[in-house]
Amino acid sequence: MRRLLTALIGTALAFAMAPAHAAGNPENGKTLAYTCAGCHGIPEYRNAYPSYHVPKIAGQNEGYLVNALKAYKSGDRQHPTMTAQASSFSDQDIADIAAYLSAQKAK
Amino acid sequence: MRLQTLATASLALFAGTVLAVGAPKGDIAAGKQRFEATPEGGQACASCHLEGGAKSIDGNMPLLAGQYADYLEKALKDYRSGARVNVLMNAQVSATDGANKLTDADIQNIAAYLASQPQAVEIYKSR
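Chains as they are written, first to last, in the working numbering: chain A, -19 to 87; chain B, 1275 to 1401.
Extracted from the complex, chain B is given alone in its bound form:
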């Protein structure tokens, strides 16, 4: 009986975790604003990642529209920490003077905004 209660409780906890992870946490409107704003001494995200991430000025840059929010968050945080190396993005996300540095909330909001856009990229189905 106790075991059953414990099992139910852990199942509920597990389900809660899954739901919490799946739910978008960011503020889409704030993310759009941050994405499009030109910070002092910096470049707006939107000046390279065009049309809400549906296009880019250069094929060497990724399309971001409709990408998973949690993946985008991971990418931005890795750029910020330097775990992911790209000269342009490292500078963009964590400008040395701090003016452009994205906060955790900025990252969450931008990711939520991009994920809310119509998909420019899709799940890969081998055909």
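With the rest of the complex left out, here is chain A:
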């Protein structure tokens, strides 16, 4: 019984940890990510107001990038430019962008 419970918990955990998104195509992601560089590609680039740096995103975790873009799309995260960008992307586009950007690893 105990072993069964352990196995069940293990399975549940595996599901919980599994990325809940389709596999991304980094080639298409590269094309889509062209626009990102306009802000995320400029060293020290800041938002106008409130003033803080646009985050570094190259080499970021793939699952997190998917979550971030989906959160902008759903309104769980608010930023005028990012909401507009994310709203124009399908879930597959988001997966592709995340696959590409996450592979741009820090050297």
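Where hints are given, some of them may not hold.
With a Cα cut of at most 25 Å, we get these calculated BS3-like pairs of lysine-lysine [unchecked claim]:
hint, chain 1, residue 1, chain 2, residue 2
1, A, Lys10, B, Lys1329
2, B, Lys1399, A, Lys85
3, A, Lys10, A, Lys50
4, A, Lys50, B, Lys1329
Away from chain A, derived, C-beta distances all over 12 Å, residues of chain B [unchecked claim]:
hint, residue
5, Asp1301
6, Gln1317
7, Asp1380
8, Ser1390
In short, the hints are calculated from the structure, not lab data. Beta carbons: idealized from backbone N, C-alpha and C, even for Gly.
Given chain A, work out where chain B should sit, using these hints.
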């Protein structure tokens, strides 16, 4: 002449503002301590964001090492206020019992600590 003085003064003020915004305000050592400490009834930041934010226990969480301090501050404050929604982080940053609640100083220190780490994330250059 007065106009010139005024122009110089505003330029100086502007430069001062830019410098002030750019300078890291937090205490790195205090930030490291807060990041690694396990608060009563809570989880340490470091239990999910491993190795000073260079790794994470799950790819759904962000890498934080070398991220801009002011961006990290904004993220933490938004989690605290609820402006940014993530069940786990909202709870972590502003536990309802108040035990874990990060103060502004905690946030500044943690952000300074993470920003001081070797970069796990970089500026995106399209190639």
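*So which hints don't hold here, by number, going up?*
none
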